[in-house]
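From first to last, the protein sequence lines are chains R and D. Under the UniProt record's numbering, read the first sequence as residues 1 to 314, first letter to last. Under the UniProt record's numbering, read the second sequence as residues 1 to 314, first letter to last.
Errors might be hidden in some of the hints.
What the hints assert, rightly or not - Straight-line alpha carbon distances no greater than 25 Å define the calculated DSS-like cross-link-like pairs of lysine-lysine that follow: (1) D:Lys79 / D:Lys34; (2) R:Lys34 / R:Lys192; (3) R:Lys309 / D:Lys257; (4) D:Lys95 / D:Lys192; (5) D:Lys95 / R:Lys309; (6) D:Lys70 / R:Lys309; (7) R:Lys309 / D:Lys309; (8) D:Lys95 / R:Lys257.
Claimed, not checked - Looking from chain D toward chain R, a few residues come up when the C-beta cut is under 7 Å (computed): (9) Lys34; (10) Met214; (11) Thr219; (12) Val291; (13) Asn292; (14) Gln295; (15) Cys298; (16) Gln301; (17) Phe305; (18) Ser310; (19) Val312.
FYI, nobody ran anything at the bench for these hints, they're computed from the structure. Every residue, glycine too, gets a C-beta built ideally from N, C-alpha and C.
There are 2 protein chains.
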Amino acid sequence: MSERRYAILGTGALGGFYGAKLQKAGLDVHFLLKSDYEYVSRYGLVVESIEGDFTLPQVNAYHSVEKMPKCDVVVVALKTTQNHLLPQLLPPMLKDNGVVLVLQNGLGIEEEVAQIVGNVSVIGGLCFLCSNKVGAGHIRHLDYGQITLGEYTSGYYAGGITERMQLIAADFISAGIAMELAEDLLLARWKKLVWNIPYNGLSVILNARTDELMAHVHTRKLVEQLMHEVATGAKSSGRIIPDSFIQTMLDYTVKMKPYRTSMKIDYDERRPLEVEAIFGNPLRKAQAAGVNLLQINCIYQQLKFIDAKSRVGK
Amino acid sequence: MSERRYAILGTGALGGFYGAKLQKAGLDVHFLLKSDYEYVSRYGLVVESIEGDFTLPQVNAYHSVEKMPKCDVVVVALKTTQNHLLPQLLPPMLKDNGVVLVLQNGLGIEEEVAQIVGNVSVIGGLCFLCSNKVGAGHIRHLDYGQITLGEYTSGYYAGGITERMQLIAADFISAGIAMELAEDLLLARWKKLVWNIPYNGLSVILNARTDELMAHVHTRKLVEQLMHEVATGAKSSGRIIPDSFIQTMLDYTVKMKPYRTSMKIDYDERRPLEVEAIFGNPLRKAQAAGVNLLQINCIYQQLKFIDAKSRVGK
Numbered sequence: 001m002s003e004r005r006y007a008i009l010g011t012g013a014l015g016g017f018y019g020a021k022l023q024k025a026g027l028d029v030h031f032l033l034k035s036d037y038e039y040v041s042r043y044g045l046v047v048e049s050i051e052g053d054f055t056l057p058q059v060n061a062y063h064s065v066e067k068m069p070k071c072d073v074v075v076v077a078l079k080t081t082q083n084h085l086l087p088q089l090l091p092p093m094l095k096d097n098g099v100v101l102v103l104q105n106g107l108g109i110e111e112e113v114a115q116i117v118g119n120v121s122v123i124g125g126l127c128f129l130c131s132n133k134v135g136a137g138h139i140r141h142l143d144y145g146q147i148t149l150g151e152y153t154s155g156y157y158a159g160g161i162t163e164r165m166q167l168i169a170a171d172f173i174s175a176g177i178a179m180e181l182a183e184d185l186l187l188a189r190w191k192k193l194v195w196n197i198p199y200n201g202l203s204v205i206l207n208a209r210t211d212e213l214m215a216h217v218h219t220r221k222l223v224e225q226l227m228h229e230v231a232t233g234a235k236s237s238g239r240i241i242p243d244s245f246i247q248t249m250l251d252y253t254v255k256m257k258p259y260r261t262s263m264k265i266d267y268d269e270r271r272p273l274e275v276e277a278i279f280g281n282p283l284r285k286a287q288a289a290g291v292n293l294l295q296i297n298c299i300y301q302q303l304k305f306i307d308a309k310s311r312v313g314k
Numbered sequence: 001m002s003e004r005r006y007a008i009l010g011t012g013a014l015g016g017f018y019g020a021k022l023q024k025a026g027l028d029v030h031f032l033l034k035s036d037y038e039y040v041s042r043y044g045l046v047v048e049s050i051e052g053d054f055t056l057p058q059v060n061a062y063h064s065v066e067k068m069p070k071c072d073v074v075v076v077a078l079k080t081t082q083n084h085l086l087p088q089l090l091p092p093m094l095k096d097n098g099v100v101l102v103l104q105n106g107l108g109i110e111e112e113v114a115q116i117v118g119n120v121s122v123i124g125g126l127c128f129l130c131s132n133k134v135g136a137g138h139i140r141h142l143d144y145g146q147i148t149l150g151e152y153t154s155g156y157y158a159g160g161i162t163e164r165m166q167l168i169a170a171d172f173i174s175a176g177i178a179m180e181l182a183e184d185l186l187l188a189r190w191k192k193l194v195w196n197i198p199y200n201g202l203s204v205i206l207n208a209r210t211d212e213l214m215a216h217v218h219t220r221k222l223v224e225q226l227m228h229e230v231a232t233g234a235k236s237s238g239r240i241i242p243d244s245f246i247q248t249m250l251d252y253t254v255k256m257k258p259y260r261t262s263m264k265i266d267y268d269e270r271r272p273l274e275v276e277a278i279f280g281n282p283l284r285k286a287q288a289a290g291v292n293l294l295q296i297n298c299i300y301q302q303l304k305f306i307d308a309k310s311r312v313g314k
């Protein structure tokens, strides 16, 4: 069994699911919680999952990082809108040779984390997961679950497949989680944005599910144009996303059952939207390379307005 | 007094207002009506106006063009979404040397009209008018009212100020309507789009008034970027809109009282939106000159989706 000790930073729909799976597989897992702390420290975690339901009556729950043991792997499973907390949270819970595993959406987050934790390694993880938190300590896993790992290197040059990635992947695989290892984290991040940028953005702005966006000729066209703009952004980082990948994403989405995107769920629940991680950072990265992504910029500014208005109304 | 006979095609907030003003000034005016025909033919028109209320107990009301006398000036005051009716409506009511005065929003409409009426002259009119139809034959005039006239020429080269324009302007001025004569209709149309494209589009997409769009830093920026894209479109037609004009429009809008745009009113009333006239035609005109207006394209496709969805829900 793995000797690595895991911390889960953010025990919600994503962190709660993966953390519970790791503990169920026998790993040593420590959960940081905020609003659900009292409940989870008394009653543990419940996971309803398409792969089988299970309960963990007892988990290591913490309300403050100071009380947590130093961990080998700190899994960042907060929404990126909470990342202003990372400078306080991360350093106290990390072992000297530890790893931060960033399971968040968007671009450039690993770079921000690396600046906080100094010479600790940072690995990015791209999650393909449908899950919701339906109550305190209660996660409902609806579909998928695979994670793609990529090693972060300063400047995001392709880091290849490292031993660290393999060891962490082995722990997750032992917990029944499908894993993929990517040689180039930045390429993997841009590729995920090919889907996330059009569907997350338009689902919120136009109050629409994926099937509605694909059924209407003009939004179908706009989705495709936005995907090509993401590829243009990737190219400004020296990463090539072929047209065939875009076609695959379009075909895949047409075949999916009607889907409410994660940003739309956040919006409907009146939570802050991850606009900067998913839209602002890619825009700025491309712009720094002299490339203006005009249609993504239009979506970005609309989302900033919608996000601000939604929080004023709260 | 003018010997010109006027037909008003579309007796709503705009056509009803201008037509009533012309009749009140003693001109010979003939109104085509659809849903309000019975009411107006019995009770006439009522105009509540910031310039003074008045009633016309009796007007020349028609339900079909066949019964109308041939007119010297046919004022097209329908929404552009009704323009598929023009080939039936226009020819029967026009004298041989008549004029069609197009009081509609957007770009390229005069060209469509000229194709229908052959060798009759076409004049474009840009209305700066705030008015609503509040009931059958009942118009409420809230603000402004000026019309800018411009002569249409095949290919939209600058037509200069013609005698026809001056005669029609004199009739309108006699009715207390402020008139401006433009030497270049296409330039005037593009200049009006500098305001119409950002504010009409974003007010519908983001469910916002002009003051909200200007108060938020990101939509304020997007408005400005869209205005510059309109200027890029104008340039592709060989028309120059200086930056100072854009700055004037921004300053002017900040100083305006909170304003619900005409497209937002159409949307809220679940009427079809003038997306093709205001967005589609300028996009296609620029594209034909090899220029892609990407942010306007994004707004256009969003509006097409919203318009279609709104009408399905009706």
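To see whether the hints hold, each was checked on the structure:
1. D:Lys79 / D:Lys34: Since the Cα atoms of lysine 79 (chain D) and lysine 34 (chain D) sit roughly 13 Å apart, the hinted pair holds (cutoff 25 Å).
2. R:Lys34 / R:Lys192: Violated: lysine 34 (chain R) and lysine 192 (chain R) sit about 29 Å apart, past 25 Å.
3. R:Lys309 / D:Lys257: holds (20 Å)
4. D:Lys95 / D:Lys192: violated (30 Å)
5. D:Lys95 / R:Lys309: violated (54 Å)
6. D:Lys70 / R:Lys309: The hint is violated at about 54 Å.
7. R:Lys309 / D:Lys309: holds (23 Å)
8. D:Lys95 / R:Lys257: This hinted pair is violated, its Cα atoms lying about 59 Å apart.
9. Lys34: violated (29 Å)
10. Met214: Violated, about 11 Å.
11. Thr219: holds (5 Å)
12. Val291: violated (13 Å)
13. Asn292: violated (9 Å)
14. Gln295: Hint holds; glutamine 295 (chain D) Cβ to chain R Cβ min 5 Å, cut 7 Å.
15. Cys298: holds (4 Å)
16. Gln301: Glutamine 301 (chain D) check passes; min Cβ-Cβ to chain R is 4 Å, inside 7 Å.
17. Phe305: With a minimum Cβ separation of about 5 Å from chain R (threshold 7 Å), the hint on phenylalanine 305 (chain D) holds.
18. Ser310: violated (11 Å)
19. Val312: Nearest chain R Cβ about 10 Å off; hint violated.
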